[in-house]
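**Student:** The chain contents come next:
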Amino acid sequence: AQSVTQLGSHVSVSEGALVLLRCNYSSSVPPYLFWYVQYPNQGLQLLLKYTTGATLVKGINGFEAEFKKSETSFHLTKPSAHMSDAAEYFCAVSVRGNEKLTFGTGTRLTIIP
Amino acid sequence: KAGVTQTPRYLIKTRGQQVTLSCSPISGHRSVSWYQQTPGQGLQFLFEYFSETQRNKGNFPGRFSGRQFSNSRSEMNVSTLELGDSALYLCASSLDTRNTGELFFGEGSRLTVL
Chain A
123 AQSVTQLGSH VSVSEGALVL LRCNYSSSVP PYLFWYVQYP NQGLQLLLKY TTGATLVKGI
183 NGFEAEFKKS ETSFHLTKPS AHMSDAAEYF CAVSVRGNEK LTFGTGTRLT IIP
Chain B
286 KAGVTQTPRY LIKTRGQQVT LSCSPISGHR SVSWYQQTPG QGLQFLFEYF SETQRNKGNF
346 PGRFSGRQFS NSRSEMNVST LELGDSALYL CASSLDTRNT GELFFGEGSR LTVL
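Protein chains in written order, with the numbering used here: chain A, 123 to 235; chain B, 286 to 399.
Bound-form chain A, shown alone:
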């Protein structure tokens, strides 16, 4: 079975500062890893994904994440936060051949002007 742990249910950063949202996973087989973002009263939007290949993955809106197998981590970063980044972020894991995503509990990102 797969699981995801997101460290920090709430993260606040100043506008222009580095954004770092942490995600650790557990999987007995090579995982697929995802970051989704959810704005208020909306569904989830895919930011980026790792399936195979390059471990540094670039996504939309300037976000990127690095798959580190040795650390079982898939942290999400953005060099400079914008006010529009305020939202809830979910890390998720799945494996090839398994249809469901297992989500973390989410991290609410607040941007301080």
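No lab work stands behind these hints, which were simulated from the structure alone. Ideal placement from N, C-alpha and C gives every residue a C-beta, glycine not left out. Among the clues, some could well be false.
[Said to hold, decoys possible] Derived EDC-like pairs: lysine to aspartate or glutamate, alpha-carbon spacing no greater than 20 Å straight-line:
| no. | chain 1 | residue 1 | chain 2 | residue 2 |
| --- | --- | --- | --- | --- |
| 1 | A | 171 | B | 387 |
| 2 | B | 342 | B | 360 |
| 3 | A | 171 | A | 210 |
| 4 | A | 171 | A | 188 |
| 5 | A | 180 | A | 210 |
| 6 | A | 180 | B | 387 |
[Stated by the list, open to error] If you anchor each label on the Cβ, the simulated ranges turn out as follows:
| no. | chain 1 | residue 1 | chain 2 | residue 2 | range |
| --- | --- | --- | --- | --- | --- |
| 7 | B | 369 | A | 191 | 25 to 31 Å |
| 8 | A | 218 | B | 355 | 24 to 30 Å |
| 9 | A | 191 | B | 290 | 36 to 42 Å |
| 10 | B | 355 | A | 191 | 30 to 36 Å |
| 11 | A | 201 | B | 368 | 23 to 29 Å |
| 12 | B | 344 | A | 168 | 23 to 29 Å |
| 13 | B | 296 | A | 138 | 39 to 45 Å |
| 14 | B | 299 | A | 191 | 46 to 52 Å |
| 15 | A | 190 | B | 298 | 41 to 47 Å |
| 16 | A | 134 | B | 327 | 18 to 24 Å |
[Unchecked claim] Reference excerpt, derived from the structure (chain B facing chain A, CB under 8 Å, subset only):
| no. | residue |
| --- | --- |
| 17 | 327 |
| 18 | 349 |
| 19 | 360 |
| 20 | 375 |
| 21 | 388 |
| 22 | 391 |
| 23 | 392 |
| 24 | 393 |
| 25 | 397 |
Please build the complex by placing chain B on the supplied structure of chain A, with the hints as guidance.
**Tutor:** For chain B alone, kept in the frame of chain A given last:
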């Protein structure tokens, strides 16, 4: 192209009633998954359908059921509603999750049970 469409967006029911939620996937997508989102439990997988067949089911009671039609549209039904069923129900579609796991989500149906 049009995204995943869920109807209704908001609804209010009373305990004991039943509810049916509808999901129209992105054109060409054959896999439809349903998730329940609550503040306490987060995002939990309900079930997944592919070509009208349920391929996977989460750990929910039998009151939760679903189906998929030949045009890939899906419905989920919750019978004998309980207060704890109040949640945002999210539908997601994919060409086939077994290849990449990538899902495209709708905006959800927010159910309130009184």
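**Student:** Run the structure past the numbered hints and jot down the numbers of the failing ones, going up.
**Tutor:** Per hint list: 7, 10, 11, 18, 19, 25 violated.
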